[in-house]
Amino acid sequence: MAAGGGGGGRASSSSSAAASSSSAGALEASLDRKLQAVTNTMESIQGLSSWCLENKRHHSTIVYHWMKWLRRSAFPHRLNLFYLANDVIQNCKRKNAIVFRDTFAEVLPEAASLVK
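Counting in this note's numbering, the sequence shown runs from 1117 upward without gaps.
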C-alpha cells in the first residue's frame, strides 16, 4: 500500500506543478485586469490593496505587474497606482505582509521618476 501511495504522490506532484503554473497565469491575468481598472476612489484603492495583501505570497509578481502598468499608463492612472502602493505599504505590517515594504522599496526609485 505504501508503494502505491508513493506512486500516486509523484503523479499528483506533477499535476500540482501544472495546476500551480495554470493558477499563476490566472493570477497574473486577474492582476492585470485589476491594475488596469483601478480608479481614484477610496473603494477601488482599498479593495485592490486588500486583495494584494491577501495574496502576499505572490508579492514579487504583484509588484512586478504594478511596475509594468505604471510604465505603460498615462499620468492620471499612474497616480492611482501610487495611491494603491501607498495603501499596500501602509497596511502591510498590520496585515502581516511586511514583504511588500521591501519589494516595493526595490522599484520605488524608478517608479518615482515616472511621476515627475
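By construction, these hints were calculated from the structure, which means they are not laboratory data.
Incorrect hints may appear among the rest.
Lysine-lysine pairs mimicking DSSO-like chemistry, simulated, CA-CA at most 30 Å apart [claimed, not checked]:
1. Lys1232 - Lys1150
2. Lys1211 - Lys1184
3. Lys1184 - Lys1172
4. Lys1172 - Lys1232
5. Lys1184 - Lys1232
6. Lys1211 - Lys1172
7. Lys1209 - Lys1172
8. Lys1150 - Lys1211
9. Lys1209 - Lys1150
10. Lys1209 - Lys1184
11. Lys1209 - Lys1232
12. Lys1150 - Lys1172
13. Lys1184 - Lys1150
Beta-carbon label-pair distances, calculated as ranges [unchecked claim]:
14. Glu1170 - Glu1222: 20 to 30 Å
15. Lys1232 - Glu1170: 10 to 20 Å
16. Tyr1180 - Ser1138: 32 to 42 Å
17. Ser1229 - Ala1142: 16 to 26 Å
18. Val1223 - Arg1149: 36 to 46 Å
19. Tyr1180 - Val1231: 27 to 37 Å
20. Ser1138 - Leu1224: 11 to 21 Å
Ideal Cβ placement from N, Cα and C applies to all residues, glycine included.
Structure-based check of all given hints:
1. Lys1232 - Lys1150: It holds: about 24 Å lies between the C-alpha atoms, which stays within 30 Å.
2. Lys1211 - Lys1184: Holds, at about 25 Å.
3. Lys1184 - Lys1172: 18 Å, holds
4. Lys1172 - Lys1232: 29 Å, holds
5. Lys1184 - Lys1232: The hint holds at about 17 Å.
6. Lys1211 - Lys1172: Holds, at about 9 Å.
7. Lys1209 - Lys1172: 12 Å, holds
8. Lys1150 - Lys1211: Status holds; Cα separation ~20 Å.
9. Lys1209 - Lys1150: 23 Å, holds
10. Lys1209 - Lys1184: OK: Lys1209 and Lys1184 at ~25 Å, within 30 Å.
11. Lys1209 - Lys1232: 28 Å, holds
12. Lys1150 - Lys1172: 16 Å, holds
13. Lys1184 - Lys1150: 13 Å, holds
14. Glu1170 - Glu1222: 20 to 30 Å: 22 Å, holds
15. Lys1232 - Glu1170: 10 to 20 Å: 32 Å, violated
16. Tyr1180 - Ser1138: 32 to 42 Å: 19 Å, violated
17. Ser1229 - Ala1142: 16 to 26 Å: 32 Å, violated
18. Val1223 - Arg1149: 36 to 46 Å: 21 Å, violated
19. Tyr1180 - Val1231: 27 to 37 Å: 18 Å, violated
20. Ser1138 - Leu1224: 11 to 21 Å: Given about 32 Å between the Cβ atoms, the range is violated.
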